[in-house]
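K.L.:
Heads up: the sequence shown at position 4 corresponds to 7 in our numbering, and the numbers run straight through without jumps.
The hints are simulated quantities; they were obtained by calculation from the structure and are not laboratory data.
Every residue gets a Cβ at the ideal spot worked out from N, C-alpha and C, and that includes glycine.
There may be inaccurate statements among the hints.
Stated by the list, open to error - Beta-carbon label-pair distances, calculated as ranges:
#	residue 1	residue 2	range
1	GLY28	ALA7	34 to 42 Å
2	ALA32	MET4	22 to 30 Å
3	ILE14	PRO34	33 to 41 Å
4	MET12	ALA32	34 to 42 Å
5	MET4	GLY24	30 to 38 Å
6	CYS5	ALA32	19 to 27 Å
7	ASN33	ARG10	31 to 39 Å
8	ALA7	ASN33	21 to 29 Å
9	SER27	ALA7	30 to 38 Å
10	GLY28	VAL8	22 to 30 Å
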Amino acid sequence: MCKAVDRGMTINDVKVLEKHGGKSGDWVANP
């Protein structure tokens with residue numbers, strides 16, 4: 004979706020807020 008706007012763009016500051024599944028189970032970040 005972003006590539007259609009600008010193929011040279013950079014995405015910064017990505018943060019995981021929730022994770023579901025896997026060996027360690029569910030996880031939610033502290034606010």
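K.L.:
Could you run down the list of hints and mark each one as holding or not?
P.N.:
Quick rundown of the hints versus the structure:
For GLY28 and ALA7, the Cβ-Cβ distance of about 36 Å falls inside the hinted range of 34 to 42 Å, so the restraint holds. A hinted range of 22 to 30 Å for the beta carbons of ALA32 and MET4 is consistent with their spacing of about 24 Å. A hinted range of 33 to 41 Å is violated for the C-beta pair ILE14 and PRO34, which are about 23 Å apart. Range check, MET12 to ALA32: about 25 Å between beta-carbon atoms, so the 34 to 42 Å window is missed.
At about 24 Å, the beta-carbon gap between MET4 and GLY24 misses the expected band of 30 to 38 Å. Between CYS5 and ALA32 the beta carbon distance is about 23 Å. The supplied range of 19 to 27 Å therefore holds. Roughly 36 Å separates the CB atoms of ASN33 and ARG10, a value that falls within the hinted 31 to 39 Å. In this structure, ALA7 and ASN33 break the distance hint of 21 to 29 Å, their C-beta atoms being roughly 35 Å apart.
Between SER27 and ALA7 the CB atoms are about 36 Å apart, so this pair conforms to the stated range of 30 to 38 Å. The hint said 22 to 30 Å for the Cβ distance between GLY28 and VAL8, and at roughly 37 Å that hint is violated.
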